[in-house]
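Asks: Use these hints to put chain B onto chain A, whose structure you have.
Given next are the chains, with one letter for each unit.
Number of protein chains: 2
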Amino acid sequence: MSKRYEMRFAGSGGQGVILASVIMAEAAVIAGLRTVQSQAYGPEARGGVSKAETVVSREKIWYTKVTAPDFLLALTQASLNTYTKTLAEGAVVMMDDSLDCPETLDKSRVIAIPILRTAKEKVGKAFTANIVAVGAINAALQLFSDEELMEAVKRHIPAGTEEINRKALDAGRELITAGQAAAFAHHLG
Amino acid sequence: MSKRYEMRFAGSGGQGVILASVIMAEAAVIAGLRTVQSQAYGPEARGGVSKAETVVSREKIWYTKVTAPDFLLALTQASLNTYTKTLAEGAVVMMDDSLDCPETLDKSRVIAIPILRTAKEKVGKAFTANIVAVGAINAALQLFSDEELMEAVKRHIPAGTEEINRKALDAGRELITAGQAAAFAHHLG
Chain A
1 MSKRYEMRFA GSGGQGVILA SVIMAEAAVI AGLRTVQSQA YGPEARGGVS KAETVVSREK
61 IWYTKVTAPD FLLALTQASL NTYTKTLAEG AVVMMDDSLD CPETLDKSRV IAIPILRTAK
121 EKVGKAFTAN IVAVGAINAA LQLFSDEELM EAVKRHIPAG TEEINRKALD AGRELITAGQ
181 AAAFAHHLG
Chain B
1 MSKRYEMRFA GSGGQGVILA SVIMAEAAVI AGLRTVQSQA YGPEARGGVS KAETVVSREK
61 IWYTKVTAPD FLLALTQASL NTYTKTLAEG AVVMMDDSLD CPETLDKSRV IAIPILRTAK
121 EKVGKAFTAN IVAVGAINAA LQLFSDEELM EAVKRHIPAG TEEINRKALD AGRELITAGQ
181 AAAFAHHLG
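In order, the protein sequences belong to chains A and B. Mapping to my numbering: the first sequence position 111 is 111, numbers consecutive. Mapping to my numbering: the second sequence position 42 is 42, numbers consecutive.
Isolated chain A (complex conformation) (with noise of 0.2 Å):
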């Protein structure tokens, strides 16, 4: 397995993928791993696609840029269809299952699931839906364990606010199922 894990995460200003990002590089630091988590910003930020990366290794990063990403979260279709050009051979792509599916994805590394629906209507706050997303993500990927990832959750809310995240990490973890986390999960080297 790599000793370097790229993450990507996409989507439009607002829906706090820069947070997703953010809190999965504290938790590999609660893990004890090297992390490196960033956000480039050209010109093309101004159009309202919002990105952030993280980078996740057992060894010093050296180099800490995001090239070809191991795995791509997407929460927009414009998000989708300009970063599933970049992605690593055997990428995981995870996309809002509102979203249309590139045809040049290869279906077998796509987890396709109703993250923005799930934190509007089961958790009951839209704006969890980067929190559902991470809930899902580590579920699929088991980079971390579930207090790791909680304990860096907290870490980046607002005081108060712990339960409905915590509801929003369930409800993500639940999305996916027994035999995607079997397919997916990443051990790093």
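Hints should not be assumed to be uniformly reliable.
It does not matter which identical chain is meant; a pair holds if it fits inside one copy or across any two.
[Said to hold, decoys possible] Below, simulated DSS-like cross-link-like pairs (lysine-lysine); rule was C-alpha separation at most 27 Å, straight line: (1) 60 / 107; (2) 154 / 107; (3) 154 / 60; (4) 85 / 65; (5) 120 / 167; (6) 154 / 120; (7) 125 / 154; (8) 154 / 167; (9) 65 / 3; (10) 65 / 122; (11) 107 / 85; (12) 60 / 120; (13) 3 / 167; (14) 107 / 3.
For the record, the hints were derived by calculation from the structure and aren't laboratory data.
Replies: Here is chain B on its own, set in the frame of chain A:
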């Protein structure tokens, strides 16, 4: 003037220095600049020091790491002691005035202001210290307009908290004197 401006934001976990860094990067996007915002964590990250970095440039940013910051914000003694060791020549250091200024620093480039006390007593919420800092930073460096900065803040705070955050920005701005603004204003090349 340099075409690339490196900023580092440091404090303890929970002080929101990542958000301060993200907001400065977002303001750069709004102003039409290139920017990279990042957090890199090694094993030392478990010690409770939190660090975030923003690079702002008019040109494409090829090298995304911050090596010698032009600006440092430090909200704790540990972060001040650690990160004043690696500054660019002529760097500006903004520190909470409850901290002891290291002997090695050029005092004419230090802005020591009551960020934490202002957040707690004047704004009335200790957790707004990062936004107070952002207001003070921009008042001193004058990188962005007040409107660009407020828009950047709005994109990264929960709905319904605009007023308290505007108050924090204003309180931060008022910590900077006209003389400091004249001395520290930075015009991106």
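Asks: Now tell me, hint by hint, if it's right for this structure.
Replies: Here is how each hint holds up against the structure:
1. Proximity of residue 60 and residue 107 under a CA criterion of 27 Å is satisfied in neither setting, with 33 Å inside one chain copy and 35 Å between copies.
2. In this assembly of identical chains, the alpha carbons of residue 154 and residue 107 never lie at most 27 Å apart, being 34 Å within a copy and 38 Å across copies at closest.
3. Within a single copy, residue 154 and residue 60 get their C-alpha atoms as close as 26 Å, which meets the 27 Å cut-off; across copies the closest is 35 Å, which misses it.
4. When the C-alpha separation of residue 85 and residue 65 is checked against a cutoff of 27 Å, the pair qualifies both within a copy, at 17 Å, and between copies, at 25 Å.
5. For a Cα distance limit of 27 Å, the shortest separation of residue 120 from residue 167 inside one copy, 12 Å, qualifies, whereas the shortest one across copies, 31 Å, does not.
6. Taking CA atoms no more than 27 Å apart as the test, residue 154 paired with residue 120 passes in both settings, with 21 Å inside one copy and 22 Å between copies.
7. Taking CA atoms no more than 27 Å apart as the test, residue 125 paired with residue 154 passes in both settings, with 17 Å inside one copy and 19 Å between copies.
8. Both within a single protomer and between protomers do residue 154 and residue 167 lie at most 27 Å apart by alpha-carbon distance, with minima of 13 Å and 26 Å respectively.
9. Within a single copy, residue 65 and residue 3 get their C-alpha atoms as close as 15 Å, and across copies as close as 21 Å, so both meet the 27 Å cut-off.
10. In this homomeric assembly, residue 65 and residue 122 never come within 27 Å of each other (Cα to Cα): the closest approach is 36 Å inside a single copy and 40 Å across copies.
11. For the homomeric pair residue 107 and residue 85, the shortest alpha-carbon distance inside one copy (15 Å) is at most 27 Å, but the shortest distance between copies (50 Å) is not.
12. For the homomeric pair residue 60 and residue 120, neither the shortest alpha-carbon distance inside one copy (39 Å) nor that between copies (38 Å) is at most 27 Å.
13. Within a single copy, residue 3 and residue 167 get their C-alpha atoms no closer than 32 Å, and across copies no closer than 46 Å, so neither meets the 27 Å cut-off.
14. In this assembly of identical chains, residue 107 and residue 3 lie within 27 Å of each other by CA distance solely inside one copy; the values are 25 Å within and 44 Å between copies.
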